[in-house]
Amino acid sequence: MDENKDWKKKYQELFPDVKTVITSKKVRDVTKMALMMVDGEAGATEQTNQLSDFTLPLMDKVQILIKGQAMHFEELKHLMAAIWMKPDIRKKVVARKVFGIQENQNDYNYSKLSLVNGRLLLHCLQNQPPPHVAITLPVSEIIKTLNPESTIAFLDMAWEGLTRGRVYIRVSRDTAQARQFVGLCTGQPGSSFLNTQLNRVWDKGGKEECVYGGNYNFNDNRVNGLYTFVGTVSFKSHSEKSGEFGISTNIGYKSVGAVIGQVESGLEVLKAAVQLNDITQVTVVDCGVVVPL
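Quick note: the sequence shown uses the numbering used here, first residue 63, plus one each step.
Treat the hints with care, since some could be wrong.
[To be verified] Here are the simulated DSS-like pairs of lysine-lysine, each with C-alpha atoms no more than 30 Å apart in a straight line:
1) K333 with K266
2) K174 with K333
3) K206 with K174
4) K269 with K333
Everything labelled a hint here was simulated from the structure, so no lab data went into it.
Please construct the entire structure, taking both the sequences and the accompanying hints into account.
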(Lines of atoms letter the chains of each structure in order from A and count residues from 1; the text may use other names and numbers.)
(Lines give C-alpha, C1' and ligand atoms only; values in the text may rest on other atoms or scores of the structure.)
Protein backbone atom coordinates (compact mmCIF):
# COMPACT_ATOMS: atom_id res chain seq x y z
CA MET A 1 0.00 0.00 0.00
CA ASP A 2 2.81 2.42 0.94
CA GLU A 3 4.55 1.56 -2.32
CA ASN A 4 1.42 2.50 -4.28
CA LYS A 5 1.14 5.81 -2.42
CA ASP A 6 4.78 6.63 -3.10
CA TRP A 7 4.33 5.74 -6.77
CA LYS A 8 1.24 7.95 -7.13
CA LYS A 9 3.01 10.87 -5.44
CA LYS A 10 6.04 10.59 -7.72
CA TYR A 11 3.84 10.15 -10.79
CA GLN A 12 1.84 13.28 -9.98
CA GLU A 13 5.03 15.24 -9.36
CA LEU A 14 6.37 14.16 -12.76
CA PHE A 15 3.08 14.75 -14.61
CA PRO A 16 1.19 17.41 -12.57
CA ASP A 17 -1.26 18.20 -15.39
CA VAL A 18 -2.61 14.67 -15.64
CA LYS A 19 -5.92 14.43 -13.76
CA THR A 20 -6.22 10.66 -13.62
CA VAL A 21 -3.48 8.49 -12.16
CA ILE A 22 -3.12 5.28 -14.14
CA THR A 23 -3.26 2.27 -11.82
CA SER A 24 -2.53 -0.55 -14.27
CA LYS A 25 0.40 -2.61 -12.98
CA LYS A 26 2.00 -2.76 -16.43
CA VAL A 27 1.83 1.02 -16.85
CA ARG A 28 3.08 1.39 -13.27
CA ASP A 29 6.11 -0.81 -14.00
CA VAL A 30 6.97 1.17 -17.12
CA THR A 31 6.52 4.49 -15.34
CA LYS A 32 8.71 3.34 -12.43
CA MET A 33 11.51 2.79 -14.91
CA ALA A 34 10.90 6.26 -16.32
CA LEU A 35 11.15 7.68 -12.79
CA MET A 36 14.44 5.82 -12.31
CA MET A 37 15.69 7.48 -15.47
CA VAL A 38 14.59 10.94 -14.28
CA ASP A 39 15.95 10.43 -10.74
CA GLY A 40 19.27 9.09 -12.02
CA GLU A 41 18.96 5.75 -10.24
CA ALA A 42 21.08 3.02 -11.79
CA GLY A 43 19.98 -0.60 -11.89
CA ALA A 44 21.82 -3.78 -12.75
CA THR A 45 19.94 -4.47 -15.97
CA GLU A 46 20.95 -3.63 -19.50
CA GLN A 47 17.66 -1.76 -19.84
CA THR A 48 18.37 0.70 -17.02
CA ASN A 49 21.95 1.13 -18.23
CA GLN A 50 20.56 2.19 -21.60
CA LEU A 51 18.19 4.61 -19.89
CA SER A 52 21.09 6.28 -18.08
CA ASP A 53 22.84 6.98 -21.40
CA PHE A 54 22.40 10.75 -21.85
CA THR A 55 23.30 10.53 -25.56
CA LEU A 56 20.29 8.33 -26.28
CA PRO A 57 17.33 10.31 -27.71
CA LEU A 58 14.24 10.54 -25.52
CA MET A 59 11.95 8.56 -27.80
CA ASP A 60 14.52 5.76 -28.02
CA LYS A 61 14.30 5.56 -24.24
CA VAL A 62 10.51 5.46 -24.42
CA GLN A 63 10.80 2.59 -26.88
CA ILE A 64 13.10 0.76 -24.44
CA LEU A 65 10.60 1.29 -21.64
CA ILE A 66 7.77 -0.13 -23.71
CA LYS A 67 9.76 -2.98 -25.25
CA GLY A 68 8.83 -6.34 -23.80
CA GLN A 69 5.71 -4.98 -22.09
CA ALA A 70 2.52 -6.63 -23.36
CA MET A 71 0.59 -3.41 -22.96
CA HIS A 72 -3.00 -2.99 -24.08
CA PHE A 73 -3.57 -0.06 -26.46
CA GLU A 74 -5.59 1.84 -23.83
CA GLU A 75 -2.74 1.52 -21.32
CA LEU A 76 -0.14 2.65 -23.83
CA LYS A 77 -2.42 5.50 -24.90
CA HIS A 78 -2.65 6.83 -21.34
CA LEU A 79 1.09 6.53 -20.80
CA MET A 80 1.90 8.42 -24.00
CA ALA A 81 -0.78 11.01 -23.21
CA ALA A 82 0.88 11.60 -19.84
CA ILE A 83 4.28 12.04 -21.47
CA TRP A 84 2.71 14.35 -24.05
CA MET A 85 1.41 16.68 -21.34
CA LYS A 86 4.96 17.77 -20.50
CA PRO A 87 5.69 20.78 -22.79
CA ASP A 88 9.48 20.39 -22.61
CA ILE A 89 9.18 16.71 -23.52
CA ARG A 90 6.72 17.53 -26.31
CA LYS A 91 9.38 19.48 -28.19
CA LYS A 92 11.83 16.60 -27.97
CA VAL A 93 9.18 14.08 -28.99
CA VAL A 94 8.55 15.85 -32.26
CA ALA A 95 12.22 15.69 -33.17
CA ARG A 96 11.62 11.96 -33.67
CA LYS A 97 9.02 10.17 -35.78
CA VAL A 98 5.78 10.88 -33.94
CA PHE A 99 2.28 10.56 -35.40
CA GLY A 100 -1.25 11.11 -34.18
CA ILE A 101 -3.63 8.18 -34.51
CA GLN A 102 -7.41 7.97 -34.73
CA GLU A 103 -9.36 4.73 -34.72
CA ASN A 104 -12.20 4.52 -37.24
CA GLN A 105 -14.88 1.90 -37.63
CA ASN A 106 -12.68 -0.61 -39.44
CA ASP A 107 -9.30 1.08 -39.71
CA TYR A 108 -6.90 3.72 -38.38
CA ASN A 109 -5.97 7.14 -39.74
CA TYR A 110 -2.70 8.86 -38.93
CA SER A 111 -1.55 12.47 -38.77
CA LYS A 112 2.03 13.66 -38.95
CA LEU A 113 3.48 15.99 -36.33
CA SER A 114 6.18 18.43 -37.38
CA LEU A 115 8.06 21.38 -35.91
CA VAL A 116 8.22 24.32 -38.34
CA ASN A 117 9.74 27.68 -37.38
CA GLY A 118 9.09 27.00 -33.71
CA ARG A 119 5.50 25.92 -34.32
CA LEU A 120 4.29 22.40 -33.63
CA LEU A 121 1.96 21.35 -36.46
CA LEU A 122 -0.60 18.57 -36.39
CA HIS A 123 -1.24 17.67 -40.03
CA CYS A 124 -4.49 16.34 -41.44
CA LEU A 125 -5.40 12.70 -40.74
CA GLN A 126 -4.82 10.33 -43.65
CA ASN A 127 -5.15 6.62 -44.23
CA GLN A 128 -1.38 6.20 -44.59
CA PRO A 129 0.44 4.09 -41.97
CA PRO A 130 3.50 5.73 -40.39
CA PRO A 131 6.96 4.11 -40.30
CA HIS A 132 7.17 0.94 -38.25
CA VAL A 133 9.35 2.64 -35.64
CA ALA A 134 6.96 5.57 -35.15
CA ILE A 135 5.47 6.51 -31.80
CA THR A 136 1.72 7.17 -32.01
CA LEU A 137 -0.37 9.42 -29.79
CA PRO A 138 -4.18 9.66 -29.80
CA VAL A 139 -5.26 12.67 -31.87
CA SER A 140 -8.06 13.27 -29.37
CA GLU A 141 -5.46 13.83 -26.62
CA ILE A 142 -3.50 16.26 -28.79
CA ILE A 143 -6.65 18.20 -29.70
CA LYS A 144 -7.43 18.66 -25.99
CA THR A 145 -4.42 20.97 -25.73
CA LEU A 146 -5.97 23.47 -28.18
CA ASN A 147 -7.64 26.65 -26.98
CA PRO A 148 -11.07 26.61 -28.70
CA GLU A 149 -11.23 30.41 -28.55
CA SER A 150 -7.83 30.89 -30.16
CA THR A 151 -6.88 27.95 -32.38
CA ILE A 152 -4.50 28.49 -35.29
CA ALA A 153 -5.32 26.39 -38.35
CA PHE A 154 -3.32 26.23 -41.57
CA LEU A 155 -3.99 25.59 -45.26
CA ASP A 156 -1.19 24.91 -47.77
CA MET A 157 -2.06 26.14 -51.27
CA ALA A 158 -0.62 24.78 -54.52
CA TRP A 159 -1.14 25.36 -58.22
CA GLU A 160 0.69 24.41 -61.40
CA GLY A 161 2.37 21.56 -59.55
CA LEU A 162 4.05 23.72 -56.89
CA THR A 163 3.18 24.49 -53.28
CA ARG A 164 2.94 28.28 -53.20
CA GLY A 165 2.63 28.94 -49.49
CA ARG A 166 0.89 28.39 -46.19
CA VAL A 167 -2.05 30.38 -44.86
CA TYR A 168 -2.33 30.56 -41.05
CA ILE A 169 -5.82 31.31 -39.75
CA ARG A 170 -6.58 32.20 -36.14
CA VAL A 171 -10.01 30.78 -35.30
CA SER A 172 -11.23 33.06 -32.53
CA ARG A 173 -14.80 31.89 -31.95
CA ASP A 174 -15.83 28.84 -29.92
CA THR A 175 -18.92 28.13 -32.02
CA ALA A 176 -20.27 25.09 -33.85
CA GLN A 177 -19.12 26.56 -37.19
CA ALA A 178 -15.63 27.32 -35.86
CA ARG A 179 -15.26 23.85 -34.37
CA GLN A 180 -16.38 22.27 -37.64
CA PHE A 181 -13.87 24.34 -39.61
CA VAL A 182 -11.06 23.20 -37.29
CA GLY A 183 -12.31 19.61 -37.59
CA LEU A 184 -12.15 19.77 -41.38
CA CYS A 185 -8.56 21.02 -41.07
CA THR A 186 -7.58 18.05 -38.86
CA GLY A 187 -9.76 15.46 -40.61
CA GLN A 188 -11.35 14.28 -37.36
CA PRO A 189 -14.93 14.11 -38.75
CA GLY A 190 -13.78 11.63 -41.41
CA SER A 191 -13.52 14.24 -44.18
CA SER A 192 -11.30 17.28 -44.60
CA PHE A 193 -10.22 20.18 -46.78
CA LEU A 194 -7.23 18.11 -47.95
CA ASN A 195 -7.02 17.87 -51.77
CA THR A 196 -10.02 20.15 -52.26
CA GLN A 197 -9.93 23.15 -54.61
CA LEU A 198 -10.76 26.80 -54.22
CA ASN A 199 -13.98 27.05 -56.18
CA ARG A 200 -14.68 30.71 -56.98
CA VAL A 201 -13.74 34.35 -56.55
CA TRP A 202 -16.39 36.88 -55.62
CA ASP A 203 -16.08 40.42 -57.04
CA LYS A 204 -12.61 39.86 -58.51
CA GLY A 205 -10.65 43.13 -58.44
CA GLY A 206 -13.39 44.88 -56.47
CA LYS A 207 -13.61 45.99 -52.87
CA GLU A 208 -15.68 42.91 -51.93
CA GLU A 209 -13.14 40.48 -53.40
CA CYS A 210 -13.23 37.14 -51.62
CA VAL A 211 -12.07 33.59 -52.35
CA TYR A 212 -14.16 30.54 -51.53
CA GLY A 213 -13.24 26.93 -50.97
CA GLY A 214 -14.44 23.84 -49.20
CA ASN A 215 -15.30 20.20 -49.58
CA TYR A 216 -18.76 20.15 -51.10
CA ASN A 217 -20.57 20.99 -54.36
CA PHE A 218 -21.19 24.69 -53.83
CA ASN A 219 -24.13 26.79 -54.93
CA ASP A 220 -24.40 30.53 -55.37
CA ASN A 221 -26.95 31.20 -52.64
CA ARG A 222 -25.40 33.92 -50.50
CA VAL A 223 -26.56 34.66 -46.98
CA ASN A 224 -26.93 37.94 -45.19
CA GLY A 225 -23.57 37.90 -43.43
CA LEU A 226 -21.58 40.55 -41.63
CA TYR A 227 -19.55 43.25 -43.35
CA THR A 228 -15.91 42.35 -42.90
CA PHE A 229 -12.36 43.51 -43.62
CA VAL A 230 -9.34 42.09 -45.39
CA GLY A 231 -8.32 38.65 -44.13
CA THR A 232 -11.63 37.85 -42.44
CA VAL A 233 -12.52 34.14 -42.52
CA SER A 234 -16.11 32.90 -42.54
CA PHE A 235 -17.62 29.44 -42.70
CA LYS A 236 -20.97 28.01 -43.75
CA SER A 237 -21.83 24.43 -42.84
CA HIS A 238 -23.66 22.18 -45.30
CA SER A 239 -23.55 18.91 -43.38
CA GLU A 240 -21.66 17.37 -40.49
CA LYS A 241 -18.75 16.60 -42.81
CA SER A 242 -18.75 19.45 -45.31
CA GLY A 243 -18.95 23.20 -45.66
CA GLU A 244 -17.63 26.26 -47.45
CA PHE A 245 -15.12 28.80 -46.17
CA GLY A 246 -14.69 32.33 -47.45
CA ILE A 247 -11.60 34.51 -47.01
CA SER A 248 -11.70 38.22 -47.79
CA THR A 249 -8.82 39.48 -49.91
CA ASN A 250 -10.06 43.08 -49.88
CA ILE A 251 -12.31 45.27 -47.73
CA GLY A 252 -16.07 45.37 -47.39
CA TYR A 253 -17.63 42.05 -48.38
CA LYS A 254 -20.58 40.29 -46.82
CA SER A 255 -19.51 37.00 -45.29
CA VAL A 256 -20.67 33.70 -46.76
CA GLY A 257 -21.62 32.51 -43.28
CA ALA A 258 -20.52 32.93 -39.68
CA VAL A 259 -17.32 34.89 -39.14
CA ILE A 260 -14.95 32.52 -37.32
CA GLY A 261 -11.55 34.20 -37.45
CA GLN A 262 -8.85 36.08 -39.28
CA VAL A 263 -5.86 35.28 -41.50
CA GLU A 264 -2.78 35.65 -39.32
CA SER A 265 -0.23 35.24 -42.13
CA GLY A 266 -0.13 34.09 -45.74
CA LEU A 267 -2.75 36.43 -47.18
CA GLU A 268 -0.35 37.15 -50.05
CA VAL A 269 -0.71 33.51 -51.16
CA LEU A 270 -4.46 33.98 -51.61
CA LYS A 271 -4.00 37.32 -53.36
CA ALA A 272 -1.66 35.62 -55.84
CA ALA A 273 -4.21 32.83 -56.35
CA VAL A 274 -6.91 35.38 -57.17
CA GLN A 275 -4.85 36.56 -60.16
CA LEU A 276 -5.10 33.15 -61.85
CA ASN A 277 -7.48 32.78 -64.77
CA ASP A 278 -8.96 29.68 -63.17
CA ILE A 279 -9.16 29.69 -59.37
CA THR A 280 -10.08 25.99 -59.35
CA GLN A 281 -6.42 25.25 -60.21
CA VAL A 282 -5.65 26.01 -56.56
CA THR A 283 -5.59 22.92 -54.35
CA VAL A 284 -5.29 22.57 -50.58
CA VAL A 285 -2.35 20.12 -50.46
CA ASP A 286 -2.01 20.10 -46.68
CA CYS A 287 -3.94 21.40 -43.70
CA GLY A 288 -4.07 21.05 -39.95
CA VAL A 289 -3.66 23.01 -36.73
CA VAL A 290 -0.90 24.50 -34.60
CA VAL A 291 -0.51 22.71 -31.26
CA PRO A 292 0.50 24.92 -28.29
CA LEU A 293 4.00 24.24 -26.94
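Against the earlier hints, flag every one the structure doesn't satisfy and list their numbers going up.
none
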